[in-house]
Amino acid sequence: MFQNCKKLLRFENFIYGNGPSGNSSCPSTPAKWCVNDYDGSSFCIENPALLPTCILALLIGLYCSKRIHLLPGKFPSRYYYQLTFFLYGIMMTSAGILHCFLDDKQKLSTTLQSTNGNSMDFIQLVVTVIDVGLTSNIAVSFMFCGLCDIKFLNPQSVVTRCLLFLSYLIVFLLWTLGLINQWNWIFNVLYLGIVAVCCFIFLLTQLCLKKSRRALPALFVGGLYGALGLLATTYGAEHVCTSEGPFWSQYFGPEFIWFLFSDISVAFVFIYVARANQEEKTVIQKYPIDIEALPEKF
1420 MFQNCKKLLR
1430 FENFIYGNGP
1440 SGNSSCPSTP
1450 AKWCVNDYDG
1460 SSFCIENPAL
1470 LPTCILALLI
1480 GLYCSKRIHL
1490 LPGKFPSRYY
1500 YQLTFFLYGI
1510 MMTSAGILHC
1520 FLDDKQKLST
1530 TLQSTNGNSM
1540 DFIQLVVTVI
1550 DVGLTSNIAV
1560 SFMFCGLCDI
1570 KFLNPQSVVT
1580 RCLLFLSYLI
1590 VFLLWTLGLI
1600 NQWNWIFNVL
1610 YLGIVAVCCF
1620 IFLLTQLCLK
1630 KSRRALPALF
1640 VGGLYGALGL
1650 LATTYGAEHV
1660 CTSEGPFWSQ
1670 YFGPEFIWFL
1680 FSDISVAFVF
1690 IYVARANQEE
1700 KTVIQKYPID
1710 IEALPEKF
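Numbering (the working numbering), first residue to last: 1420 to 1717.
Take these hints with a grain of salt, some might be off.
Stated by the list, open to error - For each label pair, taking beta carbons as the anchor points, the in silico distance ranges come out as:
{"hint": "1", "residue 1": "N1603", "residue 2": "G1492", "range": "18 to 28 angstroms"}
{"hint": "2", "residue 1": "F1671", "residue 2": "K1629", "range": "36 to 46 angstroms"}
{"hint": "3", "residue 1": "G1664", "residue 2": "G1612", "range": "43 to 53 angstroms"}
{"hint": "4", "residue 1": "P1467", "residue 2": "T1595", "range": "26 to 36 angstroms"}
{"hint": "5", "residue 1": "Y1482", "residue 2": "L1622", "range": "18 to 28 angstroms"}
{"hint": "6", "residue 1": "L1582", "residue 2": "F1666", "range": "42 to 52 angstroms"}
{"hint": "7", "residue 1": "E1657", "residue 2": "L1470", "range": "21 to 31 angstroms"}
{"hint": "8", "residue 1": "H1488", "residue 2": "N1603", "range": "39 to 49 angstroms"}
{"hint": "9", "residue 1": "N1607", "residue 2": "F1541", "range": "39 to 49 angstroms"}
{"hint": "10", "residue 1": "G1664", "residue 2": "K1570", "range": "51 to 61 angstroms"}
{"hint": "11", "residue 1": "V1608", "residue 2": "L1489", "range": "14 to 24 angstroms"}
{"hint": "12", "residue 1": "Y1654", "residue 2": "Q1697", "range": "30 to 40 angstroms"}
{"hint": "13", "residue 1": "W1604", "residue 2": "P1471", "range": "27 to 37 angstroms"}
{"hint": "14", "residue 1": "Y1482", "residue 2": "L1582", "range": "25 to 35 angstroms"}
Since the hints were derived computationally from the structure, they do not count as laboratory data. Given the structure is predicted, the values throughout are model-derived calculations rather than measurements. Positions of the beta carbon are idealized from the N, C-alpha and C atoms, including for glycine.
When you get a sec, could you build the whole thing from the sequences and use the hints?
This is the structure in structure tokens:
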């Protein structure tokens, strides 16, 4: 079913901008921490600095989803925001598994050798599809959140939910076919394209909401961190590696910045959502003048 592991790995490196090039300042191999087993074999974790950011992302996703569920008052698009933040935690967890554990090809190959020659390819494909597919679908979810906020879509309608999950299915299917067939356009369309378009639509919908304007600074800060993280792992990767040097860029290079800034970005977006949907407190003014004694004043 799958030709070989190398094609998939090259595509993963292309997605995250960490593929080595001949004149690149970025390390050709990531940092690796290994522990020797009693039988002489070793268990290795690659990109160990990414693990804390992935654990933090899972905590952020679960916490934000729970807090949105507990927000008081009417919040028609509550379900869609809950789902979006929850999916972020799952997406970053799969990213941690992919880049920290499945990158140990030798250990994984030895473990799966007795089962099926294509098992390693299959596991990597599944985790990669979950990772990149959820990245695209989280952007789609934010777009649905915004369209429900402005009542373009009915958040209570079953049709809206079915449309959302159908969009998820299409994105996952396209990513799977793209990974297997090595489509060259898939990264620009399904990753950069969907994320840029859907997030831009979400921003436009929030600008249309009067109640959200007081919370907009948090949204702008979140968007800024997300943009800087994406820039660091794409066009700015060479500059990051050059400024950090060969040792530190193994641990805190472009990919680490992308993961960390993504966590910060999502945290600020949650702050925005929570502030924008807080119930406005009714202020009761106290008048120093007795209304019954001096009715002519009113």
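Hint check:
Distance hint check: the CB atoms of N1603 and G1492 are about 48 angstroms apart, inconsistent with the given range 18 to 28 angstroms. At roughly 41 angstroms, the beta-carbon separation of F1671 and K1629 lies within the given 36 to 46 angstroms, and the hint holds. With their beta carbons about 34 angstroms apart, G1664 and G1612 fall outside the hinted range of 43 to 53 angstroms. Checking the proposed 26 to 36 angstroms range against P1467 and T1595 shows it holds: the Cβ atoms sit about 29 angstroms from each other.
At about 24 angstroms, the CB distance of Y1482 to L1622 agrees with the hint of 18 to 28 angstroms. A hinted range of 42 to 52 angstroms for the beta carbons of L1582 and F1666 is consistent with their spacing of about 49 angstroms. For the pair E1657 and L1470, the beta carbons lie near 25 angstroms from each other, so the given range of 21 to 31 angstroms is met. Evaluation of the 39 to 49 angstroms hint for H1488 and N1603 yields a pass: the beta carbon distance comes to about 41 angstroms.
For the pair N1607 and F1541, the supplied restraint of 39 to 49 angstroms is violated, since their beta-carbon distance comes to about 26 angstroms. As the Cβ distance of G1664 to K1570 is approximately 52 angstroms, the hint placing it in 51 to 61 angstroms holds. Here the CB-CB span from V1608 to L1489 is close to 37 angstroms, at odds with the stated 14 to 24 angstroms. Here the CB-CB span from Y1654 to Q1697 is close to 38 angstroms, well matched to the stated 30 to 40 angstroms.
Between W1604 and P1471 the Cβ separation comes to about 34 angstroms, which falls inside the hinted range of 27 to 37 angstroms. Y1482 and L1582 have their C-beta atoms about 28 angstroms apart, which keeps the hinted 25 to 35 angstroms range intact.
Going through the hint list in order, the structure does not satisfy hints 1, 3, 9 and 11.
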